[in-house]
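**Q** Below are the chains, spelled out letter by letter.
2 protein chains.
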Amino acid sequence: MAKILKINHIAIAVNDLESPLSFWQDKLGLSIEHTENVPSEKTEVAFLPVSESEIELIHPTDDSTGLAKYLDKKGPGIHHICFEVDNLIEMMSELKEKGVRLLSDEPRIAAGGNQMCFIHPKDAGGVLIELYEVK
Amino acid sequence: MAKILKINHIAIAVNDLESPLSFWQDKLGLSIEHTENVPSEKTEVAFLPVSESEIELIHPTDDSTGLAKYLDKKGPGIHHICFEVDNLIEMMSELKEKGVRLLSDEPRIAAGGNQMCFIHPKDAGGVLIELYEVK
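As you go down the protein sequences, you meet chains A and B in turn.
Just so we're aligned, residue 1 is where the first sequence starts under my numbering, counting upward by one.
Just so we're aligned, residue 1001 is where the second sequence starts under my numbering, counting upward by one.
Hints are not guaranteed to be accurate.
What the hints assert, rightly or not - Ranges between beta-carbon positions, derived for each pair: (1) B:Ser1040 with A:Leu5: 30 to 36 Å; (2) A:Ser51 with B:His1120: 22 to 28 Å; (3) B:Leu1103 with A:Asp26: 18 to 24 Å; (4) B:Asp1072 with A:Ser40: 34 to 40 Å; (5) B:Leu1005 with A:Val134: 18 to 24 Å; (6) A:Asn87 with B:Glu1097: 44 to 50 Å; (7) B:Ser1064 with A:Ile89: 45 to 51 Å; (8) B:His1034 with A:Leu17: 38 to 44 Å; (9) B:Gly1066 with A:Leu5: 29 to 35 Å.
Said to hold, decoys possible - Incomplete in silico selection of chain B near chain A, CB under 10 Å: (10) Ile1010; (11) Val1014; (12) Asp1026; (13) Leu1028; (14) Ile1032; (15) Leu1057; (16) His1079; (17) Ser1093; (18) Gly1126.
None of these hints come from the bench; they were simulated from the model.
Virtual Cβ for every residue (Gly too), placed ideally from N, Cα, C.
With the hints as constraints, model all of the structure from the sequences given.
**A** What follows is the structure in structure tokens.
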């Protein structure tokens, strides 16, 4: 059975990558490690490590994405949580067998070029959960 | 300067502690470690460890709490994230000096009897952040 290894990141939806840093860096004391453009997800991401996990500030680069619509509707805030798993394909298959809906049939490409999928929030108690495997 | 040590937990607002376990335990494979009643916060909490962090399922035991109102308005979902800090009093004082509003002037008692405070979500990019010190 595939296993969750740790919280990989908590993703915070932001209106831009610059202005939130006055809180997360200057006031809370976290440090931005790098930023990355993720064309497959049409987002740009700022990574702020916290021990074995990260806070990711995510901003849509295209108005048509789910993230852009989320920001329009709900404003900035926690968007999703991401668990790192030991075997993504196995985890996806096991969840489907148990009747849990995923947002894609196949893994998608995440930041860093690794593979991920999302669980349908209606099957996860209202929480958008990303599953992520580091290759 | 006080420092963030790790993500202590991610708190998920739930309508009861039992039914969400069919997802978090049976489908996702996490295990409930214990449950706790936290009278000071008028919540009951189920703790599901994930490596150095936890998922906490939180349910209000009183309809007057902020958590009960949150559930009424938004339904179940991610309620807050909690960072463990090395020195809570120092962190609270530094944040106040930098103009960040806290939800209480003094530390409050959290699950486990440890001290915590919340940062005002309007000063934290729409995110409700708990700061927590393990004594």
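**Q** Hint by hint, which ones does this structure get wrong, listed from lowest number up?
**A** Numbers 14, 17, in rising order.
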